[in-house]
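We have chain A already, so just place chain B on it with the hints.
Residue numbers (my numbering), protein chains in the order written: chain A, 1 to 159; chain B, 1 to 159.
Treat the hints with care, as some may be off.
[Said to hold, decoys possible] The list that follows gives simulated cross-link-like pairs (lysine-lysine, DSS-like), each with its CA atoms no further than 30 Å apart:
hint : chain 1 : residue 1 : chain 2 : residue 2
1    : B       : Lys-119   : B       : Lys-141
2    : B       : Lys-141   : B       : Lys-23
3    : A       : Lys-119   : B       : Lys-141
4    : A       : Lys-134   : A       : Lys-23
5    : B       : Lys-134   : B       : Lys-119
6    : B       : Lys-23    : B       : Lys-134
7    : A       : Lys-119   : B       : Lys-134
8    : A       : Lys-23    : A       : Lys-141
9    : A       : Lys-141   : B       : Lys-119
Keep in mind that the hints were calculated from the coordinates and are not lab data.
From a predicted model like this one, the values you see are computed outputs, not experimental measurements.
Number of protein chains: 2
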Amino acid sequence: MSVPAGTPAVNEDEAALAAPFVKCLARLIRAQDTYGLQDGASDAELLTHFIITEQQRREIPIIGDPDPDVLLRFNIFYTAVGLTIEARTGLVASPTMMISHEGFGRVLLTTGRLVVFSKTVRDVHRFGFATLGKLAEAGAKLVDDAIAVIEAYPDVARA
Amino acid sequence: MSVPAGTPAVNEDEAALAAPFVKCLARLIRAQDTYGLQDGASDAELLTHFIITEQQRREIPIIGDPDPDVLLRFNIFYTAVGLTIEARTGLVASPTMMISHEGFGRVLLTTGRLVVFSKTVRDVHRFGFATLGKLAEAGAKLVDDAIAVIEAYPDVARA
Numbered sequence: 001m002s003v004p005a006g007t008p009a010v011n012e013d014e015a016a017l018a019a020p021f022v023k024c025l026a027r028l029i030r031a032q033d034t035y036g037l038q039d040g041a042s043d044a045e046l047l048t049h050f051i052i053t054e055q056q057r058r059e060i061p062i063i064g065d066p067d068p069d070v071l072l073r074f075n076i077f078y079t080a081v082g083l084t085i086e087a088r089t090g091l092v093a094s095p096t097m098m099i100s101h102e103g104f105g106r107v108l109l110t111t112g113r114l115v116v117f118s119k120t121v122r123d124v125h126r127f128g129f130a131t132l133g134k135l136a137e138a139g140a141k142l143v144d145d146a147i148a149v150i151e152a153y154p155d156v157a158r159a
Numbered sequence: 001m002s003v004p005a006g007t008p009a010v011n012e013d014e015a016a017l018a019a020p021f022v023k024c025l026a027r028l029i030r031a032q033d034t035y036g037l038q039d040g041a042s043d044a045e046l047l048t049h050f051i052i053t054e055q056q057r058r059e060i061p062i063i064g065d066p067d068p069d070v071l072l073r074f075n076i077f078y079t080a081v082g083l084t085i086e087a088r089t090g091l092v093a094s095p096t097m098m099i100s101h102e103g104f105g106r107v108l109l110t111t112g113r114l115v116v117f118s119k120t121v122r123d124v125h126r127f128g129f130a131t132l133g134k135l136a137e138a139g140a141k142l143v144d145d146a147i148a149v150i151e152a153y154p155d156v157a158r159a
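In isolation and in its complexed conformation, chain A is listed as follows (with noise of 0.2 Å):
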């Protein structure tokens, strides 16, 4: 029986789950998943909890601490940024996050003495993505964006 074609946002997301970022994210998770109580989780599965709607997002308050889960992705998001970045150019890219509390802070990545990637945060609470396609096309921005500085300063990285 030959599989029917699926709708574009399925198409959409499964050509996200191909891209290097996206299953560098998912290994990630699968890292942290200490015990293995989602061995047989699919990729899309572990990624759930980073896709938030519009609808969810305006439901979540930016007034207080932000759940340690959301810190968390935040952090594993940032890590495979760093990942993607290091498995394409050898340069390893390690990021720096000062987080208060209240979900504001600095993301920094940087490569040697290059600073490659530099954030302000206000709303961490809210961090997530609408689909899986957009998940991967800004962390495929986050990472070519970097490549782009380590080519312009490409001493200054190794430095």
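Relative to the frame of chain A, chain B by itself:
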């Protein structure tokens, strides 16, 4: 009445208190003193908590969470390094600290796209200096080293 010459230690303290880095550090401590409880204190008195003798240092356990006050001093120290770099170069050097509640972590000072200082820390619990002179020396060395990095990569520091 002429002031008698002090002991060498006292003279060393006076020299330390006149150093730009130490003055900046004292100013930052005053800035944190919201209720003006220490308005009457001299710079030397404000800095006493930064001074721990070798004996005191050994008595501080490095197991368990560091004292929140020591984390605050650690933070103020590197902020003062950043401000002194700014005063000398005109470039903002912002500190990013990622210290776990157990006192392990990383400190970065960045200027533009340049990492001017990076350190892995393991014993924030024992953060302090044997004398005011040592404090002044450590701060001045960090500032000088960071400025040497900025001079080596002037375009990256302004990127």
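Tell me, which hint numbers fail for this structure?
7
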